[in-house]
Amino acid sequence: MSEVAMGDAAMTNLAMQQVATPSATHLLEAVGVTKKFGANVVIENLSIGFAPGMLHSILGPNGAGKTTLFNLLTRDLPVTAGEILLRGERITAMKPHQIARLGVGRSYQISSVYLDLSFLDNVWLAAYRARHGGRMGWWKRVGSYGEIRDQACEVLEKLGLIGFRDLPAKAVSYGDQRLLEIAVTLATNPDILLLDEPTAGLSQRETERVKRFIESIKQQYLIVMIEHKMNVVMEISDRVHVMNRGTLIASGTAAEISRDEAVHRAYFGL
Amino acid sequence: MLRTQSTVLIAASTVIIAALAPLVMPINIATEILIFGIFAMSTNLLIGVSGLYSFGQAAFFGVGGYVAGYCFVHTNLPLSAGLVLAMLGSALVAGLVGAFSIRRTGIYFMMLTFAFNQMIYYLAYSWRAVTGGEDGMGGIRRPALDMPLVGNIDLGNHLNFYMLAAALFVASSILLFRLARSPLGLVLDAAKQNPRRTASLGFSVYRAQWIAFVVAGAIAGLAGALFALLYRIMPIDAISWTSSGNVVFMVVIGGMSSVLGPVLGAAIFIWLQGFFSLIWARWPLLFGVFIILVVLFLRGGVAELFDRARQAFTRKTPTPAVQGGSHE
Amino acid sequence: MTSLIAAQLINGVAIGMLYALTAFGLSIIKGLLNVPNFAHGAFFAVGAYVCYAADRAGMPFAVSLLLAFLVPAVLGVLVERLGVSRLMNSPYLYQLLFLFGTALVMEQLIIIIWGSVGLSMSPPAFLEGAFDLGFTYLPRYLVFNGCMAALTIMAVYLLIERTRIGSQIRAGIDKREMAQCLGIDVGRLITAGFGLGSGLAGLSGGLVLPLLGANATMGADMMAIAFVVLVIGGLGSIYGAIAAGILVGVIQSVSTVFVPAASTVLIYVAMIVTLTIRPQGLFGER
Amino acid sequence: MESLENPLRRALLKAGTAALGTSITGLSWAQSSGDALTMGVLSQNTGTFAYTGDLVLKGAKLAIEERGGSIQGRKINLIVRDDEGKPAVGVRRLTEAVASDKLKYFGGNFSSAVGLAELEVAKTEKVVQFAAGGSEDFTGSRCSPYTFQWSAHAYTALRATLEYVRQRMPDKKKIYTITADYVFGQSLLHYTQVAAKELGLELVGNDNHPSGERQYTQYFTKALSTRPDIICLLTSGADAVSAVRQFNSFGAKNVQLVGPWTLEVEQMRELSPAMRTGMILGLNYYHEIDSPVNKAFVQAYTKAYKAVPSYASAYGYDSFRTLLLAMDKAKSVEVDAVVKALEGMQYDSVFGPTTMDARTHQSIRPYYVIECKAPEAMKDESDFATIVATGTTPQPPELNECKRTA
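Residue numbers (our numbering), protein chains in the order written: chain Z, 1 to 270; chain S, 271 to 598; chain B, 599 to 884; chain P, 885 to 1290.
Careful, some of the hints might be misleading.
Quick list of in silico lysine-lysine cross-link-like pairs, BS3-like style, CA-CA up to 27 Å [claimed, not checked]: (1) Z:Lys170 to S:Lys462; (2) S:Lys462 to Z:Lys218; (3) Z:Lys140 to S:Lys462; (4) P:Lys986 to P:Lys1215.
These are computed hints drawn from the structure, not numbers from a lab.
All values reported here derive from a predicted model rather than from experimental measurement.
So that you can see chain Z by itself, here it is in the shape it has in the complex (with noise of 0.2 Å):
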């Protein structure tokens, strides 16, 4: 009987989000979105709003349309339909390096680091961008940004990296790179964090490590979160977002999703 209660409670929470206005409270939102590939349609009218100061994850079985929604959300696809809205401003034409530079900041499931470059570098090139803006120093060496180097290094410092600073990335643990992935993605400096799946493929400890850490720093950004880890998205998530077939299908809080009846039909199929 509650339970139904709740769930509905979870649908009209839904029905709110998908009446596509912008609203203020959304920092970053998706109005209506449509991504086909050819003939398959991956997401389908979806609209999805991010309140500011809180830590989201989305939630989904496989092929739901995640990462895709990431990839619209950056620009990294074009959308079919539907608008992209950063701080309610359409931000759908815009390139991928643009988005970035207006305080999106990302990091990718496949781990996408610089294999080649050492750890410094690797954080040096965002730190440098948000530092510069789009600029591209061609005659200054890159040893020689003093201020900047030191800005990296605290933020591998933050993630315990340090050690590493001048190895390259492809000399370290799988692990260690998807740290240095999200180390790459604070150094620029953004107010929006889109993290996918940050723990994928780590060890239990290294995933504790990673929560926490994720944990510490949501008062200071808006964070998205991509999360296959049900205690990691139960413990620290402010808002949950589940996704299936391409629509959202559910959104509340850690607690209401958990009873929410259309997550467990989802899940498992009941």
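Chains S, B and P: place on chain Z using the hints.
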């Protein structure tokens, strides 16, 4: 810290190379090696640093040569003006070609540059009035170089002309070295490894690579201009796609991972051609075999030999290359 | 005027079929290897010379043509086994250079074996002379050439579309990973494809012998065109080359009516336009 | 990383460059010796006309052997370089040879592109070039004090060929020309128009083909559609050979194929006899020329190399022979003296009495028209044709663009 030194080292080594070359080989071969050294280094900015396999660099080499040639045949502009115009001309053409080509990646990019090269070749070929078509552009004068303090230097003299080439060689190698280690260079290297990520960091990969393409074009143009001055003619085949292929090969035998590798490549290339053609009329066969061997067994180019040698001396395993480095 | 254009169209198609055949071989290799075969021209030349040698040895034209296919095919297999396959995991730059070097070597070997003076071979008697279509003459041999090329392409088409090895080749081209999963030995597949492609190049070399004769550098000329054809046709699809080949033949032929001297430039213009508007080529997928 | 390698790499770099350098100089110095006079054959051993280099060399050697390998008491040191038929390489090899081998006199490539490129170097380095090849620029717009032209002038060639055509087949008047789209082709076309006007022949059409073209059926398709009496090929080398092959495939027997400056003997070999039969060609040299010098040359050549001399070998022989004659006349091997001696020199060449124009440096000598024999009429495989006419009309002075004053 290390980086600071290595600029000095680069400068030093280039100067030393330039100073030694004429002592050990005929001056005009030395001159030519430096000229193609410049050309090869500029090409390596694309191939080695940016991972853009351009098979059309001869086009820009050629444009530079023709522009300079035109200046020194039909006008009496001073040397400096002619060289600058040559670089601008090549930069312009490279800008256009780049704007088209860089949107495409991998093999498409390579084929586009190839096609543009061919196209520019045929344009030069049929624009007889200016380029002299198949017979080449002849009667190019070497204007005297008017230097403050030193005064007028007659470039008709082989040695003086060599000095000029050497000076420009050192200058371009330092420029390219600095560029490769500048933020732009790092972005290019990053984009080579993962363009998507680089964009998501907020860098315009397209812009970075376009800049690299233009710079490489301009410097290739400078080399072309010097080449036109060297023999006082601008022959059509200097612009054909085979010379594009040759310069790529120079880069590969020399090794892409260092700034000076390509220069070594140019030297070996030019020397081998001369050497082989003296010993056997069927020399291209030897040359082909050489290419095959290099590609199969010496992927990192001759520069790699040196590294291997060094590692043999100093037993410690090498720390993996951080800049550019291998593409395997 | 119209009759002249008509004449050029026919002529263009006939020439185009040859380009198509050459480029088809190139495109099979490109498809499997994802590298344009810089040695394709050399195989083309070898085909022509083998055909000439066989004819001199008094073999019937048909046999000469067969050898013009087989010998380069075998050579192709060797080159792939001994060289290209070792470079599979390195950037295509190295495979290009390797093939470039191989081409140099083959070219010189030809000169060493057959001398550097070009060679000619008259077509078999029953193919001499031309059809007088009233508005134009159409050389018999050119017609024969076009038909032979068409038939060969048809045969290879059937081989690829209707046979098991064919379906594997297709798999190897379209979805290599899947092919591997299906337990197909992609390595052997590529070798086979390389041999087939080289064979086709050789065959077209043999076919054009009576028209173009044989000389050591003939490969380079033909390869430049085949290359363009391949790109226009589309790097994604192996059949695009066929239509593109005919297209190029027609462009080249019809342009002589209006701007003869520009015919070569026009081909490259066509190539650049295609690459800019449709980077995947006219018929290329994705 | 870079920096760590640098010191050692630098050292090795130096060593490497040194090694390269010495072996270069080593090689080339080895060839020049003492006060010998260095003459050079710079010609093509690679590329489309790879075979020509060797032929030129054979001829030149013969000319030098006649003199027992020395001239005016100086030993002659003959060096050979491969210019790959490319202007860029030609000038490179030439400059090298001048710098490291003290080269003073050279000849060898009859591609105008290469020759004209070398002309510039010869001018600045003050060495004598005995050029051959079609372009009229050698003795026209780009004429140089140090360059002499062995081949006949394009005008002479066209005039001779068309004159013969005119009187051989008076009823055939409609000529269609197919022209290579480069400088030489265009000047041929220009003089065709001049000569045709003088002789009252009608040019019904022309097509320019890009040089390096391998496909000609489309041009013939177009040409034949105008029903001409004569098709005149104003192209040469490999292009011409392919063109003739493909013209044959049309089997248009009623159309006469004429090549005023199209195939030299070398390229005729590339065609099967059947393909050549009946063609009317203009030639710079044919081994049946009836002059004492030629007779002796042919005899010596056949004895030495078991083959009849061709255009290339005749060029090698005759140009070097002429240079040596000039040195005798000048009683010196110094470039300036020899140049002076050559200007206006009258001498017996393989063509018979010949004059070297003092101003343009164009050799005034006859041009030969031949008709190719049918296979059955050939005595042996080098018996291509019979000389049917010779022409000597020199280029009208008003058409010459040379700025030099004698």
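Given the hinted pair Lys170 of chain Z and Lys462 of chain S, is their Cα-Cα distance within 27 Å? Holds: Lys170 of chain Z and Lys462 of chain S sit about 15 Å apart, inside 27 Å.
Given pair status - Lys1215 of chain P, Lys986 of chain P, alpha carbons within 27 Å: Given that 27 Å is the threshold and the Cα spacing comes to 20 Å, the pair holds.
Do the alpha carbons of Lys140 of chain Z and Lys462 of chain S lie within 27 Å of each other, as the hint requires? holds, 21 Å
Lys462 of chain S and Lys218 of chain Z: Cα distance at most 27 Å? violated, 33 Å
When the structure is compared with the earlier hints, a violation turns up for hint 2 alone.
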